[in-house]
Structure formats: C-alpha cells, structure tokens
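*Asks:* Below are the chains, spelled out letter by letter.
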Amino acid sequence: MNVLNLALNDLKQTAANKVTLALLLVLPVLMISLLGYAMKPLFQPEKDLKKFPVLYSNPDSGPVGRSLDSFLSSQAGNLVELVPVEAGTLESQVLDGKYPVGISVPPDLSQAVSQGKQTRVEVISSGRDQVKDKIVRALVDSFAANINTQTALAQGYRNYLPQAQASAAANLAGQNLARVQSSFGTDFVSVLDSKPALDTFQFFAATMLVFFLLTTGMGVGTGIITERTSGVMTRINACPVKQSEYLLGKILSNLAIALVQATSVILFSQYAFQVNWGSSPLALLLILTPVIFISSALGIIIASILSSAKALTSILSVIFWCMTFVSGGFAPVPILEPVARFTVNKWAFNSLSAMMAGGSLADITGNLAALFAVALILWLGAVMLYQRRVSA
Amino acid sequence: MIRLRQVLKRYGSTIALDNISLDVSAGEIFGFLGPNGAGKSTAINLICGLVKPDQGEIRVDGLDIRHNPLEVKRRLGLVPQEIALFDNLTAWDNVEFFAKLAGLRGSLLRERVSEALEFAGLADKGKGVPRGFSGGMKRRLNIACAIAHRPKIIIMDEPTVGIDPQSRNHILESVRQLNKLGSTIIYTTHYMEEAEEICSRIGIIDHGRLVALGSKEELRRLVNETEKIVIETVDLNFTCLEQIKALGWVKDAQTNGQSLEILTPHAQTILQDILFILQRNQVKVRNITLVEPDLESVFLTLTGRKLRD
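Heads up: the sequence lines are chains R and Z, in that order.
Going by the numbering used here, the first sequence opens with residue 1, and the numbers climb by one from there.
Going by the numbering used here, the second sequence opens with residue 1, and the numbers climb by one from there.
One thing to keep in mind: the hints can contain errors.
Stated by the list, open to error - Simulated restraints on C-beta separations: (1) Z:Gly257 - R:Leu4: 53 to 59 Å; (2) R:Val390 - Z:Ser200: 31 to 37 Å; (3) R:Thr229 - Z:Val285: 47 to 53 Å; (4) R:Thr229 - Z:Glu193: 26 to 32 Å; (5) Z:Glu197 - R:Arg388: 40 to 46 Å; (6) R:Lys310 - Z:Lys127: 30 to 36 Å; (7) R:Leu4 - Z:Ala26: 31 to 37 Å; (8) Z:Ser200 - R:Thr226: 35 to 41 Å; (9) Z:Arg66 - R:Leu4: 26 to 32 Å; (10) Z:Glu71 - R:Ala272: 53 to 59 Å; (11) R:Thr226 - Z:Leu290: 52 to 58 Å.
Stated by the list, open to error - Covered stretches of chain Z (chain R as the covering partner; in silico rule of three or more C-beta atoms under 8 Å from a C-beta of chain R): (12) 66–80; (13) 101–115; (14) 181–189.
What the hints contain is simulated information worked out from the structure, not anything from laboratory work.
For glycine and all other residues, C-beta sits at the position ideal for the given N, C-alpha and C.
Could you build the full structure based on these sequences and the hints that come with them?
*Replies:* Given below as structure tokens:
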C-alpha cells in the first residue's frame, strides 16, 4: 500500500506542475515533427544517380570470372566504380560503413558454371542505400542470367550437329535453361539491416520515443535529490516505510508517466504521420519497459552519487544526448555504427523498427535480452548505491 | 518510554554521540539543549531509526529499534528541522500523504487530517499550497504532518527556527497541548528560553556528550554558587568590558544592548571593582540587579562556552 501511496503522490506532484506535464507530452511530438520534416531529404533516394564505388572481390581467373570483370568495368562502368579488395576484408569494410555495397565472387565460379553445379555470387550490402543495393543486384542478376542462358545453349547444342533442326535445338535449349538457370545465381546479403528502410517519420518516431523515455529517469533522480535536500525523505524514512517501498514507488510513478508519454507519441505519430508501430502492443510494451527501467535506474544511481539536482540533470542530459547521437538517433552516422551497436538506444530502436517492418517477437529476442540484462544490472547497482547513500 | 544505553555514533573519525544513556518517561516534555553541531539531531535520528548506532541499545515503548524499526516508527511523529513539505501540493494533500504512510485510511484518515490542520490553525488553508504560506504557517503545517496519526511520541527538531514571535508562541502552546493530550515530546533547541519555558526535563548536550541531565531546578542547582550581575548603563563603551573580564572571579562578561551581564561566584566581592572600572571609563550606571543563573549560565559553567558559540 505504501508503494501505491508514494507513486500516487509523485504523480500528483507531476500533475500539479502544468508546465512540466505539457512539456512531457508536447516535446516528443514536436521533436518528431521537426526532425521528421528537417531530415526528410536525407532519407530520400538520390534523384540523379551518380557513379558510386562498389567493393569487388573476384579470385576466379576462369572465363566466367574474367567475363564478370569485363561486364562490370565496361558495360556497367558508368554506374559503378569497382574497388578491388581481398575477399576476407570485404564484409568488414561494408560493415564499417565505408562502402554501401560489395560483390564477392567465389574462386571456383567458372569451374562450377562449366560443370553445371550450384554456385552463388554474393552482393553484400550495408542496408543503408536501397537504390544502390538494387542497382548492384540488378547488374549481377543480369550477368548471371546471361551466363545461365549461354550455358544452357552450349549444353543443348553439344549433342546436336550444326544442321540439326532448329526447333528441336531451341526446345532443348529451353529445357536446359530451365534446369541451369538456378545453378548460377546471386545471393543478397545485408550485413546490417535486412528490413525495409524506414521513412523519416518512422525513424524519428522510434528514436525520439526511446530518447524521451530515457529522459524520464531525470525526473526520478531530481525527485530523490529534492526530497533528500528538503528533508522530505527524512520524514518519509521516519514513517513505517521500507527503503524498497520508496524505490518501488518511484519506479511505479516513472513507469506510469513514461507509458503515458509513449502512448501519446505512438498515437500522435500514427495519426499525423501514419507511422505503423506493428501489430503487437505486447512487443512494444516489452521493448519500452526495460528502457524505462534503465532510465530510472540511471536516475537513482546518479542521485545516489550527486547532491545537486542541477548537476544530475546536466550529467544525465549529456549521457542521453550522446547515446542518442552515437546510436544515430538524430541522424544516421555510419562511421559510429560499430559503437552504436552497444547502445541502449540502438537495441531499442532495432526492436521498434523490426516491429514497424512487420517483424514478430522472435525477431527481437536478442535485442530484448540485451535490454533486460542492462536493466537488471543497472537496478542492482542502483539499489546498492541508494542503500549506501541512505545509511551514510 | 524511550531508553538509550551507552549509545555511540561515529561519522568517519568524528564521534557524533559519545556513550549517551538516558530515559524519557511517558508524558514528559524532554528537551535536548545544545549549540549547533552538539549532537542533538544525531540523537533524534537514532531514536527515529534514521541512522543505526555503532554501539549501544535504543528502546522505544519497550521495542528495540534494531529489531522492530517499523513498529517503533508507527509510534513516532517527527517534525524535522527543515520545512519538509511538498511545495506544490496542497496543505491537505501534505498532511494526508504522511498520515497514509502512518497507516490511516478512509473516514478516519479524513477526520484526522482535518483535526491536524485545525490544531495547526490552518483549517481554512487546506487547499492552499505551502509555497504561498508565510514561514510561520509552513512551520505549523510541518507540525500538522507529524501529528495526524496521533503518535505516542512526538519528536520536534528545532521547530521554531526562523519564525516570528507570534508563530513561535503558537508552536510552543501547541507543544503543551499535544503533551496534555497524552503525547510524550522530545524537543531539541538551542534557544535556552524555549527549553526553560516548556520542558519538564532537559538534557544538555555538547560535543556529542550529555553534560547534564535533570529538571530546570536540578540544573540550576549545579551552578548555584554562580550569580549573574546585570548592570544597566546609559553610555556603555567596550573598553571597560575587557577590563572587567580581566578581573579575578569573573567567569564571563558580555554586553546586551546597554546592559552589562557578568557571571561570577563572588558578586559582592567584585561589585565595587566593577563600578570603579565603569566610573573610570565614564559610564553612567542606571540600575544594578543580581539575578538567578539561567540555563545559559548553566551551559557556560559546564562547557566553558556559550550556547550560541
């Protein structure tokens, strides 16, 4: 009962402060709108396509390999600029964001094609530029189709004399083509994100939701410091209230405030920008809950270390803004991608965007596990530091 | 009602409370008197279970605070030194919140909140928020928050700091009334007049040690060989003060406006020397009185320093 009393009291205080309440609800939707419109050009494909670099690894010195070299550098030379690279480093360079896409040819391509065996050329993509991905895929697909056709014809005519009936030859060629056309194909591999690209409002609705949910932890932290400095905490502790009840009251009120904020963001973005948040409210709740727990745990940790509410707000602001920036929450920053993968924002954003793209709970289990693990660790730290501060 | 035995509390290398033992009986108004930093608040924090003693035993209403902290807290009402209120909630909400934490519910809760506000003289201010209140009103609301659940023991930590005389009198009168209604009161202050006015027994605390304990009369008897000479003058100057302090038998001398207050065990012997110094410094004397030693004198005698040092 004490937990509920403490939580309701916090909510009463928030409701009593009309300005804070308004900011809590208006600021996220304002940021989504502003960033959504301002950053729109960044999310639109280039209208005039310029020649772009493509990582290229081709260890096959046979006729098919040489033919691919020639095809890409001559016929496709006005579209792509081949950057030769060792096969082993191609994927990591795409992953680092240096190049949008790469082509990896197997060393036995010619041999496999001549023997009619299965073989694949890989198109490795960062998933950031779908237009460039599609161009490279189309080029490789077109080359593969051409080679498959030639192979089918060669196999068909091998058993016939030149004077053979054209219709029979053509018929057989058709049958062979049907058989071999799948023998040499293209594999499309996206190393970062295989989901459909999000539009600007979907992107910022997801990143801003995570950012603003994280900032709710500041309310928890400043609440604790204010109650400690004003003597209210002493008075509460002199009542028959356990420390665990006090902390649970804080997390409960923060959870309620954050969920109201999240609901307002979701409904507004759905209505105003047709943002699709997926079909599973449970999945959304599972994504957002650990984020809220992480934010409140951070608030308690900093409040247990510092004595000034202003200092707490400054430090947490820096942490949350940096994390959001590094994770690409304000605008994608490819160069920071390796670091971004270890941020709370990225895990939450990846989960939300997977749900937006029609994914299911199974698609986000890894990110959810990371979020819940961080929430648990931070909460253990928060409880320990809080108890130490109170008993000091 | 409250029993402390050999209680020791350290903060790092500083001893905040040094082997204190005392008993407070049911129905008493017990005063902790001492200067700032003497250990009064530490003693209160220990009794309220806000900090744990490093050594010793504390029992409240027969319960050991180590083993029954929540049960002990149900019997207490704390009025902290700070105005510990939610500034943006109404007076009613403030009192109601703490009463709920103490376990009150339903119609009893509403009845007691209303009573507490009335007791504090804030019955018509229930919908007002503390940030719009005067200092005295905030202090009274601070008390109302501690008494709504009718605790057996009310602990007041310097409840009259920084308020006007009218509000101070209201609070002192409230303390007497609460005591008449059956609550045991522990009252800390560094204003010796307050302690003299309302406390039935007083513990004088300094540097974490309980230097004296007893009723006002018992404490005065500790220094009954000391007398206080009060000389009212017309044009007191400070050069004579140093000369008087230098006299033998003078324990302390200080000015209070145009009055000179001298503490000495041999008033008759040195009075002539004092008058001679005043005459030499051309200070005209209007009146001379010999007064009984007060708690300030007791504290000075026991600790060698003044309460407000």
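*Asks:* Find the hints from earlier in the document that the structure breaks and name them by number, from lowest to highest.
*Replies:* 14
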